[in-house]
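The hints should help you fit chain G onto chain F, whose structure is shown.
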Amino acid sequence: MSTVILDPTGERRLAEMSRCARPATLAGLTVGLLDISKARGDVFLDRLEQHLVEIGASVKRFRKPTFTKPAPVDLRHEIASQCQVVIEALAD
Amino acid sequence: MAAVDPSIASDDTLVPTHDLAHTLPAQTLPAQTLPVRTLPAQTLPDGLVVVVKRECATCVMVVPVLARLAATVGVTIFTQDDPTFPDGLASVHDADLGVSWHHQIETVPTLMRVIDAKEVDRTVGWSRAAWQAITGIEDLGDDLVVMRPGCGSLSVDPDREDELRARFGGGVLRARRVELADAEDEIEALFDRGWSDGLPVVPPTEARVLRMLTGTTRAPSDIVAVVPPDLVEVTVEKVAINAVMAGCKPEYLPWVIAALEAACTSEFNIHGVLATTMPMGPVIICNGPGTRAIGMNSGINVLGQGNRANLTIGRAVQLVIRNVGGGRPGEVDRATHGNPGKLSFCFAEDEATSPWTSLSTSLGIAPTTNAVTVFAGEGPRCIVDQLARDPDRLANTFAACLRTMHNPKLVLAFDAILIVGPEHARVFAEAGWDRDRVLSEIHSRLQFPGSELVRGAGGIAEGVPAHLKDATLPKFRPGGLLLVHAGGGAGLFSAMIGGWANGEVGSKPVTREVGS
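Chains F and G, in that order, are what the protein sequence lines are. Using the numbering used here, you'd call the opening residue of the first sequence number 1 and step up by one each time. Using the numbering used here, you'd call the opening residue of the second sequence number 1001 and step up by one each time.
This is chain F alone, in the form it adopts within the complex:
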């Protein structure tokens, strides 16, 4: 007789979500820069902001309370509602 076992996983049903279309240019778009609060991440993002402004993008800066936890839902909503593009930089 074959063995029947019980599924040990969370048995999640994943919601299929497609990515937004990649913009042809960043000029005229609002780009969110998310600082995850890791050391020297701001140095990288400062430089990135300079480049983005030079090519005509406007930039909004955001910051997670701590790099060890996911971004709070309110912060994610704020970024989604204010920006067309987001760049999240992971330190290390």
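The set of hints was computed from the structure by calculation and includes no laboratory data. We put the beta carbon where it would ideally sit given N, CA and C, even for glycine. Hints are supplied without guarantee of correctness; some may be wrong.
[As the list claims (entries may be wrong)] Distance windows between CB atoms, simulated:
id	chain 1	residue 1	chain 2	residue 2	range
1	F	Lys-60	G	Thr-1217	49 to 59 Å
2	F	Val-43	G	Gly-1456	12 to 22 Å
3	F	Lys-60	G	Val-1172	44 to 54 Å
4	G	Thr-1217	F	Ile-87	42 to 52 Å
5	F	Pro-70	G	Glu-1462	19 to 29 Å
6	G	Pro-1465	F	Ala-80	27 to 37 Å
7	G	Pro-1478	F	Arg-63	26 to 36 Å
8	F	Ala-89	G	Val-1505	14 to 24 Å
9	G	Gly-1488	F	Pro-70	36 to 46 Å
10	G	Leu-1387	F	Asp-74	54 to 64 Å
11	G	Thr-1353	F	Arg-13	44 to 54 Å
[What the hints assert, rightly or not] Covered stretches of chain F, as calculated for chain G (at least 3 residues, CB under 8 Å):
id	segment
12	9-22
13	68-78
[Unchecked claim] Some chain G residues judged to face chain F by a derived CB distance under 8 Å, without partners named:
id	residue
14	Trp-1195
15	Pro-1204
16	Val-1232
17	Ile-1241
18	His-1271
19	Val-1505
Okay, now just chain G, sitting in the frame of chain F:
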């Protein structure tokens, strides 16, 4: 084995007939009628009901009593083993032991009185007075001994109990059934599906999971925690499945549940512990008399191999995080090196020979209460001092070793566990140093001028920001050093376990009482 609706009899010889819910007692059936159960196993016929088996001497002894009952007030006799027993009397063969299982028959003979399908009285074994009281026949069995104990019911036979639990209790399990092909190796099949931590796991069959669930009073559907990183609600049932896979015994399950409850708090932040590039995992310290009851190791080789409870409780927690939470190495788990303790890192404090109050007591738990404390930690490191015979010099060694944790120039950012071995603890105890004294003496030795710690000092780039050069900085934040007494009785050694980013930024140790 597929799920079985417990309301449906599974034996071909059984005829579940709801219309016959108030059928006549069995002995009134025509003689040629095959012994069939005419009711669902959960429903007993009204009147007197007895459960017996031939291999029980007490059951054989009471046959004349049963014959008298059958001839007078009527009785329904369920026989567990031999369908022809008792000889000459009509009986119903409880072939699948469904009646015995559903009515919690632990001993035969069991005599019950049933009114409107509800059991109102019961006695087990032979007690003349009890049988007379239940039947209302004053001189029943007067020629028998006053009392004789019965025998174990087949439904609680250890060789059959798991199968029965799966047959009649499987309906409570909600997890998806996964059928393995005959040609599949069970162990390999679980590796293939990605459900292993790298070591073989025990296949979680219904029978094993139901047996595991006997270790807790909580319902299988109860939610234990929301498990990162996928933030999935984990039920007691799913914990039990993973506990089976880890190799736990049922009595370990409440400890696994408590550890998960603690680990899946925002304070402990298992998401971050999992995701960090540092070599961190949940270190589980168990306290309370229950640690001895379930056979945990707090002595020789306390952090090593060889003790089932220590190893499988920690492993079960990690399997839940992997399988339910979706936390897998190379995905959300980004550890640069990891450490072997991420398979399992769980041990008990030696409270019996400790000169100090226990860790959990120091964290606010009552001394006789079972508790787990989870700590985000790396692997253990040995502290050697075989020469110090006074507490000051031993504290000096502890401080010097603890200073090196992660980097001698990094302070305040990380907690640590100090596991003091019994021979070292004795040095402190003989000098009258209690827990608080030991910790305060170590802390006093771990105060450093900022000038030694700033970045670049001592030719080491790592360190604290330059503006702290004039401050005096402690290695550990207040409460950041956890003291535990454990280890074998021989060896002037202790151990330290470095922690991960502490406090609000990262993780705080979390303690939870162990439930039932």
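Output the numbers, in ascending order, of every earlier hint that fails for this structure.
none
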